[in-house]
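Novice: So the protein lines, in turn, are chains A and B. All the letters of the first sequence, read from the start, carry residue numbers 1 to 205 under my numbering. All the letters of the second sequence, read from the start, carry residue numbers 1 to 120 under my numbering.
It is worth saying that the hints were derived from the structure and are not from the lab. Quantities reported herein were computed from a predicted structural model and do not represent experimental measurements. Cβ atoms here follow ideal geometry from the backbone N, Cα and C, with glycine treated the same way.
Simulated crosslink set (DSSO-like; lysine-lysine; CA at most 30 Å straight-line):
hint	chain 1	residue 1	chain 2	residue 2
1	B	Lys-40	A	Lys-48
2	B	Lys-83	B	Lys-57
3	B	Lys-112	B	Lys-83
4	B	Lys-83	A	Lys-30
5	A	Lys-30	B	Lys-88
6	B	Lys-88	B	Lys-40
7	B	Lys-57	B	Lys-88
8	A	Lys-30	B	Lys-112
9	B	Lys-40	A	Lys-30
10	B	Lys-112	B	Lys-40
11	A	Lys-60	A	Lys-154
12	B	Lys-40	B	Lys-57
13	B	Lys-83	B	Lys-40
14	B	Lys-88	B	Lys-112
15	A	Lys-48	A	Lys-60
FRET-style restraints, in silico, Cβ to Cβ:
hint	chain 1	residue 1	chain 2	residue 2	range
16	A	Glu-151	B	Thr-8	22 to 30 Å
17	B	Ala-61	A	Ala-99	36 to 44 Å
18	B	Gln-109	A	Asp-39	13 to 21 Å
19	A	Arg-133	B	Thr-81	30 to 38 Å
20	A	Arg-156	B	Thr-81	33 to 41 Å
21	B	Pro-59	A	Asp-137	19 to 27 Å
22	A	Val-135	B	Ser-66	20 to 28 Å
23	B	Arg-58	A	Leu-36	29 to 37 Å
24	B	Thr-81	A	Ala-99	48 to 56 Å
25	A	Leu-36	B	Asp-92	26 to 34 Å
26	A	Thr-47	B	Thr-8	20 to 28 Å
Here are some chain B residues pointing at chain A (derived, C-beta under 8 Å):
hint	residue
27	Leu-3
28	Leu-6
29	Ile-7
30	Ser-10
31	Val-21
32	Glu-29
33	Met-33
34	Asp-63
35	Tyr-68
36	Asp-90
37	Ile-91
38	Leu-94
39	Trp-98
40	His-107
Each chain is listed here by its residues.
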Amino acid sequence: MPNDHDHHHDNELDPMAARVRALETILTEKGLIDPLAIDAIVETYETKVGPRNGARVVAKAWSDPEYADWLQRDATAAIASLSITGRQGEHMQAVFNTADTHNLVVCTLCSCYPWSVLGLPPVWYKSPPYRSRAVIDPRGVLAEFGVVLPETTKIRVWDSTAELRYLVIPLRPEGTDGLDEAQLAEFVTRDSMIGTGLASAPEAA
Amino acid sequence: MSLRELITHSRGIKANGDTPVFAEPWQAEAFAMVIALHQKGLFTWNEWANALSGQLKRPGALDDASDYYQCWLLALESLITLKNIAGKEDIDQLTAAWQRAAHATPHGQPIKLENDPDRH
Chain A
1 MPNDHDHHHD NELDPMAARV RALETILTEK GLIDPLAIDA IVETYETKVG
51 PRNGARVVAK AWSDPEYADW LQRDATAAIA SLSITGRQGE HMQAVFNTAD
101 THNLVVCTLC SCYPWSVLGL PPVWYKSPPY RSRAVIDPRG VLAEFGVVLP
151 ETTKIRVWDS TAELRYLVIP LRPEGTDGLD EAQLAEFVTR DSMIGTGLAS
201 APEAA
Chain B
1 MSLRELITHS RGIKANGDTP VFAEPWQAEA FAMVIALHQK GLFTWNEWAN
51 ALSGQLKRPG ALDDASDYYQ CWLLALESLI TLKNIAGKED IDQLTAAWQR
101 AAHATPHGQP IKLENDPDRH
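All chains, please: the whole structure from these sequences, using the hints.
Specialist: In structure tokens:
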């Protein structure tokens, strides 16, 4: 019992934190991990990897038809060409929204997610309701996100795996002609690259 | 929590998805250990996904995914025992040692395993 003691000034480790320390001790002693490398990984995921990477990919695909074509054929290489690489060696597939097809990404198995381009998944992506409902009732799930598509728009659901992760390329918003890639990237939201949102629209002047 | 509440909560933290990814430091450490061990070739990512899925599918998994890193840690532990790196008993004992060490460490000082009074 953590609070069972007389002197309340002592440190306490909750059971999960203590267990993590135990595993760290074992793995370090066996030479399987290096505590400094662990810190570096945490730092990378907390600060360097995030949806801005994916937004760069999308903005480039919107601006450069040749890049878009490459992304469609070989997303792993096209993404790596922007100095974004996956740590798990997973393959990437880009799925392009069109006027009549909307793409939605889920991982029904666990929480496979394109970390290299989107960072770590939001809590709802990992939750059982999203993982089970996205496949059965994608239109209902999109409505929860406030996304209502015309009845005629097909919704295609992509179930991620450990080896293959998907990046949705949303439709380029209207009224963005003449903007450069950095400006375009501002309209690319994380949710629009999962398919639970659309690219944001420029504010009317 | 319903899906809608989870979405609202996630939007409430910060727009555009740049939310803090770990709620507590141990979650970040557990996450990073899996990445490091995978890089070391201890398991394939497929093995990892299956181990994690096994934990997430346990009866009683929470709808709001607040136990996600708990599942993550249990999945890591299951692979560590499966690969004979350490037994569950070793892990249990060392966990208890860390807790004793924490308790014996004056507030404000770093917790070290050496501070465990039962250490031998």
